[in-house]
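Residue numbers (the working numbering): 62 to 132.
Just so you know, these hints were derived from the structure itself, not from any lab. None of these values were measured; they are calculated from a predicted model. Accuracy of the hints is not assured; some may be wrong.
Said to hold, decoys possible - Label-pair ranges, simulated between beta-carbon atoms:
| hint | residue 1 | residue 2 | range |
| --- | --- | --- | --- |
| 1 | 128 | 92 | 44 to 54 Å |
| 2 | 102 | 78 | 37 to 47 Å |
| 3 | 110 | 78 | 39 to 49 Å |
| 4 | 106 | 126 | 26 to 36 Å |
| 5 | 126 | 88 | 39 to 49 Å |
| 6 | 117 | 79 | 46 to 56 Å |
| 7 | 76 | 115 | 26 to 36 Å |
| 8 | 116 | 93 | 40 to 50 Å |
| 9 | 131 | 88 | 53 to 63 Å |
| 10 | 124 | 91 | 38 to 48 Å |
| 11 | 105 | 76 | 49 to 59 Å |
| 12 | 78 | 121 | 57 to 67 Å |
| 13 | 132 | 111 | 23 to 33 Å |
Glycine included, each C-beta is placed from N, C-alpha and C at the ideal position.
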Amino acid sequence: MRKGYTKRQNCGKGARQERRNGQTGRGRQIQLVLDPEEVVAMMQDSLTDFATEMGLKVAHLLLQDEVNQRC
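Could you build all of it, start to finish, from the sequences and the hints given here?
Below is the structure:
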């Protein structure tokens, strides 16, 4: 009785092409270095925007509550 072939790893041209095709579908990531001054400036801008948005929401809710109390 003959033995069957053992399962081999895919290592031919077709397997390499499949691996390449699989890698192009995935997102590639690049890590960039930022200057500390740029990071601080970005954080200050974000914090200012957040504080402005929260202030407007609080003012809106206070005015809405006052209108509801008067009605």
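Verification of the hints:
| no. | hint | verdict |
| --- | --- | --- |
| 1 | 128 to 92: 44 to 54 Å | holds (51 Å) |
| 2 | 102 to 78: 37 to 47 Å | holds (46 Å) |
| 3 | 110 to 78: 39 to 49 Å | holds (47 Å) |
| 4 | 106 to 126: 26 to 36 Å | holds (31 Å) |
| 5 | 126 to 88: 39 to 49 Å | holds (46 Å) |
| 6 | 117 to 79: 46 to 56 Å | holds (54 Å) |
| 7 | 76 to 115: 26 to 36 Å | violated (55 Å) |
| 8 | 116 to 93: 40 to 50 Å | violated (33 Å) |
| 9 | 131 to 88: 53 to 63 Å | holds (54 Å) |
| 10 | 124 to 91: 38 to 48 Å | holds (47 Å) |
| 11 | 105 to 76: 49 to 59 Å | holds (51 Å) |
| 12 | 78 to 121: 57 to 67 Å | holds (58 Å) |
| 13 | 132 to 111: 23 to 33 Å | holds (32 Å) |
Comparing the model with each numbered hint stated earlier shows that hints 7, 8 do not hold.
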